[in-house]
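Participant: Knowing the structure of chain X, use the given hints to seat chains G and P on it.
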Amino acid sequence: GALAATSPALANDSDELEKLRALVQELDQKISVLDRKSEIAEEEAAAKKNQTPIVSASDQGFGIKSVDGNFELRLRGQVQTDGRYYPGGDGFASGNSDATAQQAPNTFLLKQFRPALQGALWGKYDFLLLSDFAGGKTVVQDAYVDAKFVPWFQLKAGKQKTPFGIERLQGESDGKFIERALPNDLVPNRDIGVQVHGKVANDTVEYALGYFNGVIDGGSSDSFSNSDTDNNTDKDFVARVFTTPFKNEPGFLQGLGFGIAATYGDQRGSGTGASSTAAQTSTESLLPSFKSALGQLTFFKYRTASAGAADGTYGDGERLRWSPQFYYYNGPFGLLGEYVRVSQDVSRNLSGNIHRHDTLDNDAWQIVASWLLTGEVAGYTNPLPKRPFDLEKGTGLGAWELVARYSEVNVDDKAFDPFGTGSASTTQGRSYADPRAAVRKASAWAGGVNWYLNKNIKLALDYEETSFDGGWTDKAGSAYLDRPTEKVLSTRLQVAF
Amino acid sequence: GALAATSPALANDSDELEKLRALVQELDQKISVLDRKSEIAEEEAAAKKNQTPIVSASDQGFGIKSVDGNFELRLRGQVQTDGRYYPGGDGFASGNSDATAQQAPNTFLLKQFRPALQGALWGKYDFLLLSDFAGGKTVVQDAYVDAKFVPWFQLKAGKQKTPFGIERLQGESDGKFIERALPNDLVPNRDIGVQVHGKVANDTVEYALGYFNGVIDGGSSDSFSNSDTDNNTDKDFVARVFTTPFKNEPGFLQGLGFGIAATYGDQRGSGTGASSTAAQTSTESLLPSFKSALGQLTFFKYRTASAGAADGTYGDGERLRWSPQFYYYNGPFGLLGEYVRVSQDVSRNLSGNIHRHDTLDNDAWQIVASWLLTGEVAGYTNPLPKRPFDLEKGTGLGAWELVARYSEVNVDDKAFDPFGTGSASTTQGRSYADPRAAVRKASAWAGGVNWYLNKNIKLALDYEETSFDGGWTDKAGSAYLDRPTEKVLSTRLQVAF
Amino acid sequence: GALAATSPALANDSDELEKLRALVQELDQKISVLDRKSEIAEEEAAAKKNQTPIVSASDQGFGIKSVDGNFELRLRGQVQTDGRYYPGGDGFASGNSDATAQQAPNTFLLKQFRPALQGALWGKYDFLLLSDFAGGKTVVQDAYVDAKFVPWFQLKAGKQKTPFGIERLQGESDGKFIERALPNDLVPNRDIGVQVHGKVANDTVEYALGYFNGVIDGGSSDSFSNSDTDNNTDKDFVARVFTTPFKNEPGFLQGLGFGIAATYGDQRGSGTGASSTAAQTSTESLLPSFKSALGQLTFFKYRTASAGAADGTYGDGERLRWSPQFYYYNGPFGLLGEYVRVSQDVSRNLSGNIHRHDTLDNDAWQIVASWLLTGEVAGYTNPLPKRPFDLEKGTGLGAWELVARYSEVNVDDKAFDPFGTGSASTTQGRSYADPRAAVRKASAWAGGVNWYLNKNIKLALDYEETSFDGGWTDKAGSAYLDRPTEKVLSTRLQVAF
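Residue numbers (our numbering), protein chains in the order written: chain X, 1 to 497; chain G, 1 to 497; chain P, 1 to 497.
Bear in mind the hints are in silico, worked out from the structure with no lab data behind them.
Misleading hints may appear alongside valid ones.
The list makes no distinction among identical chains, and a pair is therefore deemed to hold if it is satisfied within one copy or across any two copies.
The calculated lysine-lysine pairs, modelled on DSSO-like cross-linking and capped at a C-alpha distance of 27 Å, are [as the list claims (entries may be wrong)]:
hint, residue 1, residue 2
1, Lys386, Lys414
2, Lys247, Lys148
3, Lys393, Lys148
4, Lys30, Lys386
5, Lys414, Lys475
6, Lys386, Lys247
7, Lys37, Lys48
8, Lys65, Lys48
9, Lys148, Lys65
10, Lys30, Lys137
11, Lys49, Lys65
12, Lys291, Lys137
13, Lys49, Lys37
14, Lys30, Lys19
15, Lys137, Lys48
16, Lys291, Lys49
17, Lys475, Lys386
Extracted from the complex, chain X is given alone in its bound form (with noise of 0.2 Å):
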C-alpha cells in the first residue's frame, strides 16, 4: 500500500516511534489483505449470482431460470370444480319430447385438470406442454414451440389453437363466463399445424398466417377417432389480423381493439359409418353438432347414419368461416363480441341413388359485457385482485366482477327443408337435419358473479337461460314444436398457478 513506499524515508526515528511504525505497517498489511478477501467475497457473490439460476415461488407461479433468461421452466397447473344445477327441470341430456327426454343429472364435476410445462430454450424457442386429464380423458391442449426470430416474424409449431375466435383465443382461466358462449359452437379449437404470426406497427397490429389439419366447427383434432391424426387428406387455411390502434395512445379508446378471422377449407367427410354396424359420428360426417353453453346439452346435430339405415349428412366441399371480432376495456368496464358464419358444403345420399347437395350458412353471435367492483381495471385477461381476500387480517375482499352477455347460433333454413317428391313425411325425411330433434336458433342471456380471491382462486357463480325455435316434439313424433327453454345455474372453483 501507500505506507510502504513511504517507510524508507523514516530510517532514523527513536526506537519507539520505530515500533510503533512496524506496528502501522503491520496494521496496514492486514487492513489490505482484508481488503482483498473483501474483493474475493464480491467477486465470488457476482459469478455465483450469474451462475445459479433464479427460482421462483410466489403467485406469479414457480418456475427456474437461467441467469441470462435464455432458458427457462415453469410448472404450471390449473384445476376447475364445477357444480351443474339445472334448476326449471329442463335441461335435457337426451331425447326430443316429454315423453323420451333425459334430464341431465345436477352434478359436481372436474371440468378441467392441467398440469403445464412452460418455457423458453435458447431465449428464442418458446414451449408449451399442457394436457388435460379431467374427465377420466387424456387430452394434449397445447404442444408447440413457438420461434421468436422476430417481433413481426414468429413461427409456432406444433398442437394450438387456431386463431380465430376472440372469446376462443382468451385463456381458459381469462372468460368471463364459467362456458364460453353460443358463437363457440362454430369456432374451430385446438388443431396440429403451423403459423406465422407477428406483431406490427408498434406492436398495434397482430397478425397470424397458419396451416392446419382442419376440425370440425366447435372441435378439437383430439376428437378426431385418430386422436391427434387427421381424417383427410385436406387441409385447412387460417388467417388473422387484430389491431389495437390506440394502444399507445392514453385515453377512452385506448382499450379498443377489433380485427377479422376467417379459415378456408375443402374436405370431404363421409354419409356413412366406419361398418354396417357403427354408426356414423362427427369425425365421418365432418359435421358439428351444438350445444348450450352453461348447459352443455346438445340441442342440433345433422342427421347421422345409424347402423344399417339410410345415409347421413356429410361436409362435401368447401367449408369458409369468417368472424368480425372487438373488444372495448375501459377502467373496471369491459366488452367482448364477435359473429361467426360458417357456410359449409354438406352433401346426403338418399334411397333411389339420389344424391342431393346444398351450402348451408350458419351463423351465431354474442356481446358480453363486465363491470369490476372492486376497483381493479378490466382487460382481455383475468383481473389482478387490489386487495387479495383475508378472512383473518380484514385486509382485502378480493376483486368482485359483475358480468352479462346475449349469445344467438342459427342454423340455416335450408338444412330443415322438404326436399323431392312423395308424402310430407317421405320429403321430410330427405331434410339434413330433422325439425324436431334439431334446434333451428337458440338464444341465451346470461348473468353471472365473478370473486377473484387473489391472483390464483377464483369463484363464479352464473345463470343462464337458452331458449330456442324447433327441435321438440309431441308423444307422437309429429308435431313440430319448440324446444323447452333450458335454465342452468352453474359454479366454479378455479385454482390456477
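Facilitator: What follows is chains G and P alone, placed relative to chain X:
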C-alpha cells in the same frame, strides 16, 4: 471516527509523529470503508435470503417454497410395481364352476404411476393435484383446494377421498398390506364435492362434514360412465368424527384413536342397460361388485341386465353406511380395525310387471396388526427407518415389519332368497343375486413382511387365503357349492418421493 | 492480536506517542473485528453452499439436486410433431386390392408428448417415470428403479425397455430416422419385469439378464387388453451382451460395438376372440402384425378369428428371438446394423377338429448410415451441435446430418402354405396368413436429412420407399398380386429438454 475528533489537539507534534499520525488516519479511513463494505454485503446477503425461494432435494422430497412459506410447490411421484402369483391355481378371473372358471394369470403389473403437484398458495390454500396413469388409464385421484381458515374450520373442495373408512383414508403408500382388506369393498373411495373439517379440543378431536356426488360401495366418481360427473341428481351426505383423546398425554394410551363415520344418500339407479345392445353396468345399477383383497378377483355381483334379457337388480332408494373404527400404536406395535355396514334399498323388475323391493344389509370388518422388528415407532403412516439400507457401507438394514390381518365381508341372505311362486328355478331366478355365481360370505387371513429400505423405497411380500361361502356350482350349473379357496402371493416394489 | 501483547513494554512513552499508540490499538481491534466478520461470512457462505440444493436451467435440462448429489430430480419433456405425406397415393390404411384399398390421409400428427420425472434417491437408486399422452392415449413408457449397487451388478425393476434390439434401445429422440426400421416389427418393446445388468472389463462389456411378462413381436406390455398386466402366466427370459472392445483405445476401432441378444418364452394364446361378438385381438392370439417403417401402415397380419367365423392363428408354444447387432462410429460417420430372427410356434384350429401346428421363422435386418456435415462427432446418441443455429447473430448453422438406410422383413413361407385336402380355395383358406392380404416380404430404402438446431430442437425430413412381395389381389379377390410400392415423405419437429 474517534481519531478525526482528537486530531486538532496534536498540532505541535514532531514531523515524524505527524507523518505517522497521517498514516494512522489513512488506515482508519480504510477500515471505515471496509467496515461499510462488510455491512453492505451482510445486508445484501440478508435481503437475498429473504427473496430467494427455498429449494429442497432430499429424502423428504423435491420442491420450492417462498421464504415466508406462503407459496410452495412440491413435485411428487409414486410408483408401484407388483407381482401377483396364484400358487394354488384357484384364482379365478371369471366363471363360476370348475368347468367354466378361467384362471387369472400370474403377472407382473404396474399398479400405480402417480405424479403429483402439491403445495400451498397465499399461505392458506393447500392444494393437491394427483393423477394416476397406471394400466393405460387416466384417473384424476385428487384435485382439491383445502382452505385453512382456522384449525377448527377448514373448507376442502374438489375431488378427494370421502371421509369415511379408516384404512381407505390411510395414504396409498402407507398401508400395511399390498392391497386393502375386504371392508373396502363397502367403503366409498374418491368423490367430488365439498367438506367442512377441522380439529378441536387441543387437536384431540377431528371432524368432517361433507356433501358429495355419491359413489357406489368401494367405488370412485371416476368409475361412472361419464367419469367424474354424477349420473344422477341425488347427493350423499358424509360425516366423520375421530378422536385421539390421550394424544397429548404420554403413556400407554397415547397412541389410541377411535371414531365413527356415516354416509347417507337416496339414489335411484336403473334396472336395464343404456341400450338394448349393452349390458347393465355398475354405474347404471348403482350397485357394487365385491372382489378379493390381495387377489383382486371379483366374487360377488348382483344380477345384471344383459342385452335383451331380464332386468337386473338396481339401487333404488336409501343407502346408509356407517363404520366404527380405531387404531392403536405403542412402540413397534400397531393395531387397526374397522367395521362397516351398508343398508341399501334395492329393487328388481320381474316379468309380469312384478316389482320387488328390499333393504339389504351387507357388512364387513377387519383387524390388522403390525410389528416393527428394527426399533422404529409404529404409526398411521409409514415408519421412518432408523438405519437406511446400505449394502456397501454396511451401516443399516432399513426397517423390517411383520404384518397380519383377518377380514371378512358378509352379504345379506335376503340377496339370495327366491321370490314369488313357481318352480324352484323360477323363484330362484328372481333373487337379487345368483347364489351359484355370487358369494354369500368371504373371509380372508393374510400375513406379510414389509421392508422399508429407506424413506422412499419399500418392498413387500404378502400371502392371503380367502375362503368363500357359496358362489360356485357344478358343471350342470344346478348345485350350490362354495367357491374354491383363493390363495395369492404378492410382491410390491414401491418408490415414493 | 500481536499488538496487545507488546503494549505493556511501552509504558514510558511520551503523551503524544501514547495517544497515537492508543489509536493504533483501537484500529487493531477494529481490524480484528472485521477479520472475524469476514471469517464468519465465509463460513456461512460455505455452509449455505453445502445445504442449498443445486438448481440447473440450461440446454442440459432443468432440475434440482442435493449438494452431495444423492437426491436429484430432473423435469424433462419431449414432444414430436410430424407431418406424413404419401406422394405416390399408394399408402393404404386398409384393404388389399385396388378396389377396396383406402388411402391413408396426409396428415400432421402429434407423435409423442412425453413429460418425465427422472432422478436419483439416496445416491444409489436411479428412477425414471415417463408417460406419453400423444394420440389421446395414456401410455406409461418407463416406470422403473435402477439400483446401482456396484457397476457390474445393478438391479432394474419395473416397466422398461426389454434389453434386446440395438435400434430399439436407442433413445426415442436419438434415432437417425423419424421412425425405426422394419426389424422393429420383430423386436420387443417395453415390458414389466426385472433385469440384472452391469458393465465389466473396464466398461468394455455390458450384459443384461431379464425376466419379464413377455410381449408380442414389436409390442409393449401396454398393448395387452388389460394394459400393463400380463394376459398369461408364462414369462419371457431375456439376455443381451454387448461389447465395445476398443472403447478405451483411441484409434480406428474405438467406436466399434457389437453384441447379441435373445429372448425365450413358452406362451399360449387363443384362436378365438373373447366373445362371440368380438374379433380376435393380437393380445388374444399373442401374434404380431407388421407395419411399414416411415409410413406406419400395416402390411402383414395372421388370419384372425372374426366374430362367429373360423378360428384364427395363434401363438402356441415356444418363441425364441435372437439378434446379432453392431454399431460403428468414426468422426462424422456412423453405421448401425442388426439382424433379428423369431422362431414362433403357431397353431390353428380348423373345422372338422383339425388342428395344425408349425414353427414359423420370420426374420428382418437393417443397416443405417449417417454422415455429419458440420464437423460434429457421430455416436449412438444425438450429436451436440458445435455452433447452435442463430439467425440474428449469424453465429451458427446448427448440425446437419445426412442419413440412409435399407431394411427388410421376411415372413416364413410356411405361413402362407395351403393345408390339407380339398379345393384350392379350401386348402388355401387353411393357411396361417392370407397371401392375398398379408405380405411375404417387405424391403425398404430410405434417405433423410436431420437438422439439429441446437441440443434441444431437431428438424427431420425423410423419404422412404417400401416394396412388397404378395399381399394384394384383384377386384375378384382371386389373383395373387404384390402390394403396391409405398412412398412416404415425413417431417418431424422434435423438442426435448
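Participant: For this structure, which hints from the list above don't hold up?
Facilitator: 1, 4, 10, 15, 16 and 17
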